[in-house]
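> Sequence:
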Amino acid sequence: MTHTWLPPVEYVATLPRATAYACLHFTDTRGRPLQLRTVHYSGMWQWPGGNMDPGETPWETAVRECREETGIVFTGEPRLLGTHFTTDRGDDWPANRIGFFFDGGELTDEQIAAVVLDPEEHSAYALRTLEEWEREMDPAEFARLAAIDRARRTGTPVYLEAGPGER
Numbered sequence: 001m002t003h004t005w006l007p008p009v010e011y012v013a014t015l016p017r018a019t020a021y022a023c024l025h026f027t028d029t030r031g032r033p034l035q036l037r038t039v040h041y042s043g044m045w046q047w048p049g050g051n052m053d054p055g056e057t058p059w060e061t062a063v064r065e066c067r068e069e070t071g072i073v074f075t076g077e078p079r080l081l082g083t084h085f086t087t088d089r090g091d092d093w094p095a096n097r098i099g100f101f102f103d104g105g106e107l108t109d110e111q112i113a114a115v116v117l118d119p120e121e122h123s124a125y126a127l128r129t130l131e132e133w134e135r136e137m138d139p140a141e142f143a144r145l146a147a148i149d150r151a152r153r154t155g156t157p158v159y160l161e162a163g164p165g166e167r
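Counting from 1, one number per residue, gives the positions in the sequence shown under UniProt numbering.
Think of the hints as simulated: they come from the structure by calculation, not from any bench. Just so you know, even glycine gets a beta-carbon here, dropped at the ideal spot from N, CA and C. One thing to keep in mind: the hints can contain errors.
Stated by the list, open to error - For each label pair, taking beta carbons as the anchor points, the in silico distance ranges come out as:
1. Asp91 with Pro139: 19 to 27 Å
2. Val39 with Ala95: 16 to 24 Å
3. Val116 with Thr14: 40 to 48 Å
4. Pro94 with Pro54: 15 to 23 Å
5. His40 with His3: 37 to 45 Å
6. Ile112 with Val12: 42 to 50 Å
7. His3 with Pro119: 20 to 28 Å
8. Val9 with Ser42: 34 to 42 Å
9. Thr4 with Asp118: 47 to 55 Å
10. Glu136 with Val12: 18 to 26 Å
11. Ala143 with Glu10: 34 to 42 Å
12. Leu6 with Thr108: 16 to 24 Å
Input sequences plus hints: build the corresponding full structure.
Quick look at the structure:
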């Protein structure tokens, strides 16, 4: 096979498109994960986080989105817990999607009480045990939460891929 060198702008145009997001995974001092109820998808719970802005790194995105969505100003060091990949879903999401999950550590009762949600993005926040989250969440979304929580407890990052129909 013959390969023709292309200038970077032309070569990149031939590659699959992708978007990226980043999140922080927090628990309270009892190990219960924090989740936010999104207003964009009925009944869906998610981590503080969101899509990368141009020029941002995944870490910068996670910290910025957390501050915007909860008021929490995170000053810890980046510790990657896992990544998540979703293929192009056509009209549902017309690009590959890559997610980065970072450890936000434990929140004190005072930090939790000070959470201020952006009402345009989230209607509630909750701390629950994994068993309680399993009853509340879509099975695929819960599997992601459980894997990231396990990565935090074991210190072993995880790589996750979305199955057919998952976000």
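> So which of the earlier hints does this model not fit?
7, 10 and 12
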